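Trainee: Chain by chain, the residues run as shown.
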Amino acid sequence: MIEVKNVSKKYGNKTVVEPVSVNVAKGKITSFIGPNGAGKSTLLSMMSRLITKDSGEVLIDGVELGKSKSSDLAKKISILKQSNHLNVRLSVRDLVAFGRFPYSQGRLNKEDWVFVDEAIRYMELDDMQDKFLDQLSGGQKQRAFIAMTLAQDTEYILLDEPLNNLDMKHSVQIMKVLRRLVDELGKTIVIVIHDINFASCYSDHIVALKNGRIVKEGPTDAMIDTNVLREVYDMDIPVQTIGDHKICVYFA
Amino acid sequence: MTLKWKFSLLAAAAAACALLFILWNVIGSWDYVVPRRSLKIAAIILTGGAIAFSTVVFQTLTNNRILTPSIIGLDSLYMLIQTGIIFLYGSASINMLNKNINFIFSAVCMILFAGLLYRLLFRREGQNIYFLLLVGIILGTFFGSVTTFMQVLLDPNEFAIVQDRMFASFNNVNTDLLVLSLIVVALVSLYSLRYTKYLDVLSLGREHAVNLGVNYDHVVKRLLMVVAVLISVATALVGPITFLGLLVANVAYQFFGTYRHSVLIPGSMLISIIALTGGQFIVERIFTFSTTLSVIINFVGGVYFIYLLLRENKS
Amino acid sequence: MKKRYLWLALIVLSVTSVFVGVKNITPLDLFSLTEDQQHILLVSRLPRLISIIIAGVSMSIIGLIMQQLTRNKFVSPTTAGTMDSARLGILVAMLLFTSASPLEKMLVAFVFALAGTFVFMRILDKVKYKDAIFIPLVGLMFGSIIGSVTTFFAYKHDLIQNISSWLQGDFSMVLKGRYEMLYISIPLVIIAYLYANRFTIAGMGEEFSTNLGLKYKQVVNIGLILVAAVTSVVLLTIGSIPFLGLIIPNIVTIYMGDNLKKVLPHTALLGAVFVLACDILGRVIIYPYEIPIGLTVGVIGSGIFVYLLMRRRAFA
Chain S
1 MIEVKNVSKK YGNKTVVEPV SVNVAKGKIT SFIGPNGAGK STLLSMMSRL ITKDSGEVLI
61 DGVELGKSKS SDLAKKISIL KQSNHLNVRL SVRDLVAFGR FPYSQGRLNK EDWVFVDEAI
121 RYMELDDMQD KFLDQLSGGQ KQRAFIAMTL AQDTEYILLD EPLNNLDMKH SVQIMKVLRR
181 LVDELGKTIV IVIHDINFAS CYSDHIVALK NGRIVKEGPT DAMIDTNVLR EVYDMDIPVQ
241 TIGDHKICVY FA
Chain R
1 MTLKWKFSLL AAAAAACALL FILWNVIGSW DYVVPRRSLK IAAIILTGGA IAFSTVVFQT
61 LTNNRILTPS IIGLDSLYML IQTGIIFLYG SASINMLNKN INFIFSAVCM ILFAGLLYRL
121 LFRREGQNIY FLLLVGIILG TFFGSVTTFM QVLLDPNEFA IVQDRMFASF NNVNTDLLVL
181 SLIVVALVSL YSLRYTKYLD VLSLGREHAV NLGVNYDHVV KRLLMVVAVL ISVATALVGP
241 ITFLGLLVAN VAYQFFGTYR HSVLIPGSML ISIIALTGGQ FIVERIFTFS TTLSVIINFV
301 GGVYFIYLLL RENKS
Chain U
1 MKKRYLWLAL IVLSVTSVFV GVKNITPLDL FSLTEDQQHI LLVSRLPRLI SIIIAGVSMS
61 IIGLIMQQLT RNKFVSPTTA GTMDSARLGI LVAMLLFTSA SPLEKMLVAF VFALAGTFVF
121 MRILDKVKYK DAIFIPLVGL MFGSIIGSVT TFFAYKHDLI QNISSWLQGD FSMVLKGRYE
181 MLYISIPLVI IAYLYANRFT IAGMGEEFST NLGLKYKQVV NIGLILVAAV TSVVLLTIGS
241 IPFLGLIIPN IVTIYMGDNL KKVLPHTALL GAVFVLACDI LGRVIIYPYE IPIGLTVGVI
301 GSGIFVYLLM RRRAFA
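Protein chains in written order, with the UniProt record's numbering: chain S, 1 to 252; chain R, 1 to 315; chain U, 1 to 316.
Since the hints were made in silico from the structure, they are not lab data. It is possible that some hints are incorrect.
Straight line, CA to CA, 20 Å or less: simulated SDA-like cross-link-like pairs of lysine to any residue [said to hold, decoys possible]:
| hint | chain 1 | residue 1 | chain 2 | residue 2 |
| --- | --- | --- | --- | --- |
| 1 | R | 197 | S | 131 |
| 2 | U | 156 | R | 286 |
| 3 | S | 131 | S | 200 |
| 4 | U | 156 | R | 156 |
| 5 | S | 76 | S | 210 |
Restraint-style ranges between C-beta atoms, simulated for each label pair [what the hints assert, rightly or not]:
| hint | chain 1 | residue 1 | chain 2 | residue 2 | range |
| --- | --- | --- | --- | --- | --- |
| 6 | R | 254 | U | 7 | 55 to 61 Å |
| 7 | R | 160 | U | 27 | 45 to 51 Å |
| 8 | U | 115 | R | 160 | 29 to 35 Å |
From a predicted model like this one, the values you see are computed outputs, not experimental measurements. Note that beta-carbon positions come from the ideal geometry of N, C-alpha and C, so glycine has one too.
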């Protein structure tokens with residue numbers, strides 16, 4: 001379990017995240033939703049030590065983030081941010097192999113390569129594994145980066161807007177993979193996501209943020225609700241049930 | 001060409017250049033000429049290697065292939081020190097002043113300067129590394145202004161001495177200094193060994209490196225200090241060769257086409273040695289000292305670099 | 001800061017500037033000038049004042065233009081290779097046409113400065129990572145590369161000390177008959193003034209400006225030509241004054257915001273006031289000797305620049 005306790009962040013005089021507390025349950029997909037500038041990405045970055053928090057605690061399985069060695073944390077929790085521009089020219093396979101760094105310190109053994117191959121297969125990158133990243137489309141690139149986090153083989157996976165710049169087909173593909181990771185491999189996934197319908201269809205738990213505060217959190221079913229959404233987005237969003245899914249109709 | 005072949009080729013070329021330099025047209029006694037030239041070659045290998053190593057590391061830390069570590073103002077500081085000594089104490093002082101003292105004084109000043117700069121700028125969290133560089137460059141310009149001011153006031157004879165120092169030269173390296181530098185460089189390289197395994201990961205950028213468990217700030221600070229020490233020692237030993245590192249690092253990237261530092265670092269060191277020994281050979285035997293090597297290296301490095309910038313634009 | 005304070009400062013400093021010098025002239029003497037004093041005023045003191053004001057105004061204004069065009073607060077002739085290219089041009093002129101008149105030298109320097117700035121803009125265009133601090137880094141690097149080419153030729157012809165003394169910013173050499181080329185800057189600055197808004201739009205990018213019906217290429221080219229011309233003229237008559245085009249516009253935007261129409265006159269005034277103040281300081285500090293303006297501005301300017309950078313980081 002990841003426990004966030006009264007964590008806050010300020011840039012200069014501007015408070016981006018007010019002291020917030022939230023728990024992320026094991027074996028679930030938790031989505032962070034909310035309008036632009038709500039502090040979702042900042043919170044995610046603090047949970048994964050990419051940026052330091054000004055106050056509060058983040059406990060991962062009961063241990064404070066700052067008290068564990070960074071190299072040990074890398075075996076427990078991984079984070080993928082949304083912009084992943086690299087200055088080096090890497091093949092897909094090279095990139096995925098980097099995910100094994102926490103275990104191998106750069107000298108990969110047979111077991112490491114097994115993980116790399118599995119990650120590549122899981123993300124269906126077999127036939128392009130020797131291509132260079134700059135030859136890939138946005139969706140393929142995104143899959144390659146996710147494959148790297150898979151190779152890292154951590155219990156917790158944090159993804160910051162993994163669907164950014166992807167078309168419908170690839171978005172669905174990625175979300176399905178995430179679902180499988182949770183259902184088949186028992187991973188715990190936290191994503192920041194803008195499209196609330198993806199959050200509705202694929203996540204177990206939703207945390208809604210606004211102006212650096214948590215407005216409301218709860219199981220997906222309770223959160224996808226016109227009243228809750230009004231509070232979060234200041235919009236009236238009718239919710240309709242289509243098949244098994246609750247769909248928000250926010251276009252009109 | 002496989003990796004092995006490329007390495008063998010470079011090593012052979014480096015050895016050939018060195019041998020050519022030592023054995024070419026030995027007139028007079030072997031016992032005198034060969035050791036003297038070998039000393040020069042040793043200085044070249046030491047500085048060439050140190051500069052190549054630190055440039056590759058520096059470019060990885062900054063995630064940028066168009067920067068060279070001396071731009072944080074080390075070269076300008078070196079010139080300021082040399083000009084300042086002559087300006088304040090006259091040209092006689094530079095001959096009186098023990099070469100070894102001058103070397104130690106310059107090296108220590110540069111290392112202290114770099115250390116202070118890092119200290120100042122890493123106090124705040126999440127400091128942008130480019131910010132550090134820019135402040136360094138500005139301080140460099142500041143040193144440059146003061147240096148120019150003093151240079152203009154020097155009489156032409158004294159200026160000739162300063163001008164000598166403006167350009168790297170392997171001609172007046174003595175054994176004491178060489179041994180001292182060798183020890184420092186060896187110790188620092190040994191120290192940096194435990195951080196070199198992080199270099200590949202660091203080239204992915206800060207966020208990926210942290211995610212993969214690298215203690216980013218800690219490692220980057222240590223490596224930056226290593227770079228500063230190496231460059232300071234190399235500069236104090238022979239003088240500034242600003243664009244050598246830029247030249248050889250980029251040639252190495254192109255020649256090897258890999259991101260692996262276990263290949264890039266030794267590769268760029270070999271290229272650096274080839275460039276310096278080959279260059280020195282040409283300067284001494286063909287131009288017969290009418291120009292200095294570092295001026296040529298800077299010129300070639302500069303032109304190559306502009307070519308790189310413009311070429312990358314097309315793609 | 002109100003504009004009238006700046007005017008006041010300008011007037012006070014101008015008067016001071018005229019009466020500071022080895023030859024003692026007091027304001028009272030104005031009514032009973034000896035021939036000698038009259039001569040000094042007309043040949044040395046007034047030309048000096050005029051050239052300081054022109055140089056201060058024009059360098060600050062073109063700095064502002066460059067910043068508008070590149071949308072980057074830290075770009076200026078010093079940080080974009082313009083200055084170094086012009087310097088290379090002057091060297092080339094000295095080597096190829098030994099008997100070149102100042103005007104011819106200026107033309108060669110202009111061509112080089114223009115080419116250098118163009119190359120820098122090309123590089124900028126394609127740089128993927130547009131960090132505000134990274135861009136001037138590229139420019140400075142580019143500048144020092146051009147500098148290495150200059151050194152190569154200067155070394156071969158034993159001109160290094162010559163060139164550095166010649167190009168160090170210095171007003172003490174300004175005498176009647178030797179500075180008039182600076183007047184070329186005046187019409188250039190006026191054009192810059194008239195075009196200012198268009199530079200801002202062009203800075204938003206090609207598509208943005210085309211959408212607003214602006215001939216993007218033309219405006220950018222005019223901007224670069226102005227920058228190159230002013231830089232070469234000032235470099236040739238006064239020498240290099242580092243950071244001037246960088247710090248003045250930045251200080252002004254700190255207290256005035258970004259509205260170009262308002263910012264322009266302040267930038268011009270503050271530029272003149274700053275250079276005047278530095279010049280007077282350089283003249284009194286080791287009186288009766290002088291510290292050249294290049295050094296004074298270099299020292300004070302780098303201090304201010306570092307401060308500006310720190311400040312920007314604090315607010316980022």
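Trainee: Work down the list of hints and note, for each, if the structure agrees.
Mentor: How the hints compare with the structure:
| no. | hint | verdict |
| --- | --- | --- |
| 1 | R/197 - S/131 | 25 Å, violated |
| 2 | U/156 - R/286 | 15 Å, holds |
| 3 | S/131 - S/200 | 35 Å, violated |
| 4 | U/156 - R/156 | 16 Å, holds |
| 5 | S/76 - S/210 | 29 Å, violated |
| 6 | R/254 - U/7: 55 to 61 Å | 58 Å, holds |
| 7 | R/160 - U/27: 45 to 51 Å | 47 Å, holds |
| 8 | U/115 - R/160: 29 to 35 Å | 33 Å, holds |
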